[in-house]
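**Student:** Listed below, chain by chain, are the residues.
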Amino acid sequence: MGDPEPVRVLLAKLGFDGHDRGLKVVARMLRDAGCEVVYLGLRQTVESVVVAAEQEDVAVIGISMHNGGHLTLGPKMVQAVANAGLGIPVVIGGIVPAEDVPKLTDAGVAAVLGPGTPVEVAIATVRAAARSARALP
Amino acid sequence: MGADADPQAAGQPRSAPAAGELGVGSTTMSGIPLDPVYGVEELGRPGEYPYTRGPYRSMYRSKLWTMRMFAGFGAAADTNRRFRELLDAGVTGLSTAFDMPTLMGRDSDHPWALGEVGRAGVAIDSVVDMDALFADIDLGRVTTSMTINGPAAAVMAMYIAVADMRGIPRAQLGGTIQNDILKEYQAQKEYIFPPKPSVRLVTDLMRFTSAEMPRWHPVSVSGYHIREAGATAAQELGFTLANGFAYLEASQRAGLAVDAIAPRMSFFFNAHNDFFEEIGKYRAARRIWARWLRERWGAREERSLLMRFHTQTAGASLTAQHAELNIARVAIQALAGVLGGTQSLHTDAYDEALALPTEHAARIALRTQQVVAYETGVARVADPLGGSAYVEWMTDELERQAEAIFAHLQDLGHGSILDGVYAGIDNGYFVGEIADSAYRFEREVAAGDQIIVGVNAFVDADDDAPPILRIDPQTEIRQRDLLEMVRRERSRDRVALALAALDTQARDPLRNLMPAIIDAVHAHATLGEITAVLEDVFGTHIETASA
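Respectively, the protein sequence lines represent chains R and G.
Last residue of the first sequence? That's 295 in our numbering, and every number before it is there in order.
Last residue of the second sequence? That's 590 in our numbering, and every number before it is there in order.
Here chain R stands alone, though its shape is the one from the complex (with noise of 0.2 Å):
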């Protein structure tokens, strides 16, 4: 079955947080799926993201969090974004606590995607979060 058209991803970290195995590796995934890649990598801010989003025309927003940091930096990039008036969907990444995954959806966060997640559930949430944005007036 094959897509009906290349969903467009970006992904980042945000701040000081290294740990860019997981990213890079859902990166080379997606583009196997054949999504359209935009990697910003390390060192990124919610600032820096967004202006990048709207650059690039992304339809997800991919932001990977292993510190802990996820509960601060997850509503301040959904708040980012919707600041901007872009209506870009935002799927988290990486180290997060199952109890923690309400209050990021309830701040906005369209999935969270923790350790372990099958890559074809990573994909599959991916385009459902562009399909339910594309919906979006």
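No lab work stands behind these hints, which were simulated from the structure alone.
Do not take every clue at face value.
Reference listing, derived: stretches of chain G covered by chain R, where coverage requires no fewer than 3 residues with Cβ under 8 Å from a Cβ of chain R [to be verified]:
(1) 361-367
(2) 503-516
(3) 579-589
Cβ atoms here follow ideal geometry from the backbone N, Cα and C, with glycine treated the same way.
Once you've looked at the hints, dock chain G against the given chain R.
**Tutor:** This is chain G only, laid out in the frame that chain R set:
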């Protein structure tokens, strides 16, 4: 009692086991008497060149590995409490985890520090925090490991300054600072300055401790993070030893003789799931180091040839699903480290795929080491797997693969491994190789070719997540208030003078910067201020993003 048996505690006076340190015995559980080592003559013996079978003759029967548990979270006082709990529970050495802003040499009020203060380790902004971290702990007696790299010189200076304040002679301080910047560009990504000035800071610290702190290990060459980033066992081995050779070359360029520095270098490896591959890796590492030091580096002293290393079980192997299964993984990985002849060991807590460990989980991890040490009997005989056709073959094979990596780096560096490592950082060789391996592994997991119990096979429906450690969100605010107070109460002139002196000296590549950094720390300059001065002179390293 090998005085150097623990890379983190070398140089300590020879002494009987400390109170509470139990022996491992010399008979089996059923009473069969055991020799300290077995094997035909051709196999060689532990404590004999090339040390494949271990650095010491009788290994753990004389002295067990050091049970060194890595800890750090919240503010200094929080980690100090955990340290004292661990000492009470029987750990024989401390190991400090710093939070991400500290690892990057920044203060807790840096804009990027938001959400990260005290989260993945302890927050240290100034000597005041360092003093609180070791409150009621005798720095003259305990050995301390500090896992920090980019700002290692400044953090080392803070530790020295605390000892100065307490009247403890610097020469009495025992421990290790990781100070391995090369693997940061390759794997862990906690670099600040570009590689060459960063290596200068590494060699400044090496020169300083060689002269003033004979019990200190100024670098712990670390394969752990290379492996965690996705490298194979052979890549971990090859890249790590290449980095070790690179530091030798750099310290030689800085005027240190090989026999002055090699005995002070220690190593740090991962213990992953593939049991015999890991054991082969440790055995190959010792043999390669001994051969290269003798044949290539002309080391004359035996102590220079002995590789001593710390081992940590593989954090990346832990699963969030059915987290209790991690206790079994950690036990088997720990056993591999011990059968491979490690000098110290950290066992991961079972909840670390979820968050920093709770005290309960950290306690189980320590107890797991104690089960391996005292219940299994594996510590009674040195290198018990030596002579196994499979283990000897695996050792040879990993050595062969590592040698191929050295040859490539030597080509890249036109004969110099140090220049080859610089070139490999520059051209993306290391990050590319590691990312390829990580990708291959994940594809195999996705295809079911690598089984992870509870994740892609044998998945049970019920999976209750264990309770996790929560860092008080007030920590960040309190830490910033404390930093503000330090800035308010210090002498501004003294700080300004010390930082100006550091700036001047940093511009002279021949000056050892340690004394100036120690002066700045004593004046209560913050970590972020010291980093800013050095960054102004050295510049900032930015990795080209690619995936």
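**Student:** Hint by hint, note whether the structure agrees.
**Tutor:** Hint-by-hint comparison with the structure:
1. 361-367: This one holds; 3 residues, not fewer than the three required, reach chain R with a Cβ under 8 Å.
2. 503-516: As far as the segment 503-516 of chain G goes, the hint holds, because 3 residues have Cβ atoms under 8 Å from chain R.
3. 579-589: holds (count 4)
In summary, this structure violates none of the numbered hints.
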